[in-house]
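> The lines below spell out each chain.
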Amino acid sequence: MTLYFILLTVLIVLMAIWIKKMWGRRWKISDKELTEDALKHLYNSEENKTDTDENTLSKVLSISTKRAAKLIKKLEASGLTQNVDGKQKLTNNGRSYALKIVRVHRLLEKYFAENTSINETEWHKIAEEKEHRIDENKARELAMQLGNPLRDPHGDPIPTAKGEIYSHNGIPLSKLETNDFGNIVHIEDEPKNLYKEISESGIYPGMQIQIKDKFKDGIEIKGDGKNKFISNEAADNISIVPLNKDEIIKQDYQPLSSLEVGEEAEVVGISKALRGMQRRRLLDFGIVPGTRIRAFLKSLGNDPVAYELRGTLIALRKNQSDYIFIRKIGNDK
Amino acid sequence: MKNERELIIEEAEKLRWEVGDNLHDSLLESIYKSAEEISRKVVSRNDAGKISRKNIDHLIDKIVTNKWTGLPIMFLLLAAVFWITIVGANYPSSFLAKVLVDTLHPLMKDLFVSLSSPEWLTGALIDGGYLAVAWVVSVMLPPMAIFFPLFTLLEDFGYLPRVAFNMDGIYKRVGAHGKQALTMSMGFGCNAAGVIAARIIDSPRERLVAIITNNFSLCNGRWPTQILIASIFIGNLVPPYLAGIASAGAVVSIAVLGVVFSLIVSWGLTRTVLKGEPSAFSLELPPYRPPRILQILYTSLIDRTIFVLWRAIVFAFPAGIVIWSVANINVGGISIAEHFIDWANPYAMLIGLNGVIILAYIIAIPANEIVIPTILMLTVLSLKISGIGAGAGVMFEMDNPADVAQLLKLGGWTALTGINLMLFSLLHNPCSTTIYTIYKETKSIKWTLVATLLPIVLGILVCYATTQLWYLFT
Numbered sequence: 001m002t003l004y005f006i007l008l009t010v011l012i013v014l015m016a017i018w019i020k021k022m023w024g025r026r027w028k029i030s031d032k033e034l035t036e037d038a039l040k041h042l043y044n045s046e047e048n049k050t051d052t053d054e055n056t057l058s059k060v061l062s063i064s065t066k067r068a069a070k071l072i073k074k075l076e077a078s079g080l081t082q083n084v085d086g087k088q089k090l091t092n093n094g095r096s097y098a099l100k101i102v103r104v105h106r107l108l109e110k111y112f113a114e115n116t117s118i119n120e121t122e123w124h125k126i127a128e129e130k131e132h133r134i135d136e137n138k139a140r141e142l143a144m145q146l147g148n149p150l151r152d153p154h155g156d157p158i159p160t161a162k163g164e165i166y167s168h169n170g171i172p173l174s175k176l177e178t179n180d181f182g183n184i185v186h187i188e189d190e191p192k193n194l195y196k197e198i199s200e201s202g203i204y205p206g207m208q209i210q211i212k213d214k215f216k217d218g219i220e221i222k223g224d225g226k227n228k229f230i231s232n233e234a235a236d237n238i239s240i241v242p243l244n245k246d247e248i249i250k251q252d253y254q255p256l257s258s259l260e261v262g263e264e265a266e267v268v269g270i271s272k273a274l275r276g277m278q279r280r281r282l283l284d285f286g287i288v289p290g291t292r293i294r295a296f297l298k299s300l301g302n303d304p305v306a307y308e309l310r311g312t313l314i315a316l317r318k319n320q321s322d323y324i325f326i327r328k329i330g331n332d333k
Numbered sequence: 001m002k003n004e005r006e007l008i009i010e011e012a013e014k015l016r017w018e019v020g021d022n023l024h025d026s027l028l029e030s031i032y033k034s035a036e037e038i039s040r041k042v043v044s045r046n047d048a049g050k051i052s053r054k055n056i057d058h059l060i061d062k063i064v065t066n067k068w069t070g071l072p073i074m075f076l077l078l079a080a081v082f083w084i085t086i087v088g089a090n091y092p093s094s095f096l097a098k099v100l101v102d103t104l105h106p107l108m109k110d111l112f113v114s115l116s117s118p119e120w121l122t123g124a125l126i127d128g129g130y131l132a133v134a135w136v137v138s139v140m141l142p143p144m145a146i147f148f149p150l151f152t153l154l155e156d157f158g159y160l161p162r163v164a165f166n167m168d169g170i171y172k173r174v175g176a177h178g179k180q181a182l183t184m185s186m187g188f189g190c191n192a193a194g195v196i197a198a199r200i201i202d203s204p205r206e207r208l209v210a211i212i213t214n215n216f217s218l219c220n221g222r223w224p225t226q227i228l229i230a231s232i233f234i235g236n237l238v239p240p241y242l243a244g245i246a247s248a249g250a251v252v253s254i255a256v257l258g259v260v261f262s263l264i265v266s267w268g269l270t271r272t273v274l275k276g277e278p279s280a281f282s283l284e285l286p287p288y289r290p291p292r293i294l295q296i297l298y299t300s301l302i303d304r305t306i307f308v309l310w311r312a313i314v315f316a317f318p319a320g321i322v323i324w325s326v327a328n329i330n331v332g333g334i335s336i337a338e339h340f341i342d343w344a345n346p347y348a349m350l351i352g353l354n355g356v357i358i359l360a361y362i363i364a365i366p367a368n369e370i371v372i373p374t375i376l377m378l379t380v381l382s383l384k385i386s387g388i389g390a391g392a393g394v395m396f397e398m399d400n401p402a403d404v405a406q407l408l409k410l411g412g413w414t415a416l417t418g419i420n421l422m423l424f425s426l427l428h429n430p431c432s433t434t435i436y437t438i439y440k441e442t443k444s445i446k447w448t449l450v451a452t453l454l455p456i457v458l459g460i461l462v463c464y465a466t467t468q469l470w471y472l473f474t
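Sequence lines, in order, name chains A and B. Per this note's numbering, the first sequence starts with residue 1, numbered consecutively. Per this note's numbering, the second sequence starts with residue 1, numbered consecutively.
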């Protein structure tokens, strides 16, 4: 009796795992989601100047090639795409539909970055799931709540409600020569492992960097006062606008975390990596360029550190002081 | 042909792209810049604008955040606060109990009888409602009236932010705020007050963590239960000369276990359900200053003590009526309470408790302080003993722990029941006052439910595991 009971339990658990896997493979995915994901893929490949057929589509959407072929037929029939010399191209209708989805996706990512504490590496995945369930009205509300943002946290422009989009004019990071300066304008958020590598090394859109050295397997860059190494694959996913000499901000600054107790410094700026509420809180304390700041006390575990500025004592964690930049002022005598 | 309005909007849209995302930053920057310019013109300073704080402040800061002296000072100060609270509260508590329970209760009962009120009305209102309120006031008021002013004293002096500063390293690792060390300490006095104290945390995610985990601080109402049960059941497990140390050690371990649970649960919450809440760390360390005694007395007595006590009373009165009723309303010859106890017993045994304990925790929800009196009353009721206590539905307490031990052993209690009761007393739903306060503070049914149900689920799991392990090794 007990044995049967245990067997039954094991069986149910196995069934549950199997069903979950099926969901993961998207056998049961709704047609609407499939259509929208296909349009988005078409839009992206047109942006990247690559072609789409049932093979690439089946790979990207994790469905069978048969189903992908059927999907393409359906898209053509509903006037969202058209066949041009054997290649699938978006029609104007299809493009504006795709841009609507892209808009929702980027608004959601912006929302996660500004108003939640969801980890950076998860924004894209959760937005992929949620984007299909947000209609135009909700998207408008979301945009209003965020103050009609221009770009998502990856630096991508957010399409307007009318379906217009501003295109960035960056080039891949790997095209820059040693000692060149540039501003990062965009970081591709797919594939996941490369995005993770990039975001974890502390690189973000809006960052000014300099190429320090080029190696066989990667590039060494300097940004926010630190040297970072990134692989060639990751470097291809970073778009950059080269800077002229007069546009370059002086690189002789350091993170606030490098300030020793008793040393004094002047704030140069707050990194773009501090976003949303966190950033506003720091600005409210008066941490703006030109502010005098002095490291004052270390707590028991050396983190947080208390800093004196504008006559008050404020404790900051290392993951904040790493992203506040300073220029040291000679030791007080 | 586009009209002028559309053209302006189009132009503005184009300019937004050129200005970029930095607008907010640049605005603030320029505001600070002009404020500084103005202040330089009109404010004159003796020290020629050089930043420096008072030396005495610096000295105190150096000592309380020092690697060697910081922690001992913190433990000594907090221990002193708790010691003064526990020792100091005994006298006013027993005085209040004498007046409210021993003297006023019979007087009011006589008054009702002389007015020829029906027996059920006297029972429900006086033996039930009034007695519950009297009990809550006499055990709750004195500790709070001592603890809160002392705690507020440390706060007003400026010491508590330094505790948060020192403890932040640990709390950062579990995704919480260093100030949670303060709300947790406050929770050792009273969870409802601890929940309110979470207002000092201005980051939404960290504030919710502090509110939900506050119940893991063993509050004033639960210390007496822990001490009584430990002295009866834990003391017996070791030779007599170790009994005192063993039972004190057991109570302290339960309190420490609570702290450990609060950290683990904080860690789990911030990585799952609380991911969607924004988070920002900030901690100001204000200058030290001489405490303002009158203000401390006012905020701690009016804002904290009376406020919490009033909420407790509001819940205690109806709960008292319920307690009396379940013991006195009979269905098929036996009371509702006994029906429930018989039904719940087999399930309760699975987690090493019994039906009496389960029922007591349900009906004594207004305050943890009345759990033991309710357990004693229900034990007498279900054993059908006459001569102990004050009748069905009337809560009572015994002065001698040995008598309590004898009664509980008659009720079938073992050392395992004792250990599990101590665990369950730590890990069960917050009292109704705290639940209501959580709702008031979060304005969310969802978080109130999480804060209420999470500890019960943990309590059942922990008690179940303990029981199974106990049977495995005995």
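It is possible that some hints are incorrect.
[Claimed, not checked] Simulated coverage check for chain B against chain A, where a stretch passes if three residues somewhere in it have a Cβ under 8 angstroms from a Cβ of chain A:
{"#": "1", "stretch": "28-34"}
{"#": "2", "stretch": "95-104"}
{"#": "3", "stretch": "273-281"}
{"#": "4", "stretch": "302-316"}
Rather than coming from a laboratory, the hints here were simulated on the basis of the structure. The beta-carbon is built from N, C-alpha and C at its ideal position, and this holds for glycine as well.
> Any hints this thing doesn't respect? Which numbers, in order?
2 and 4
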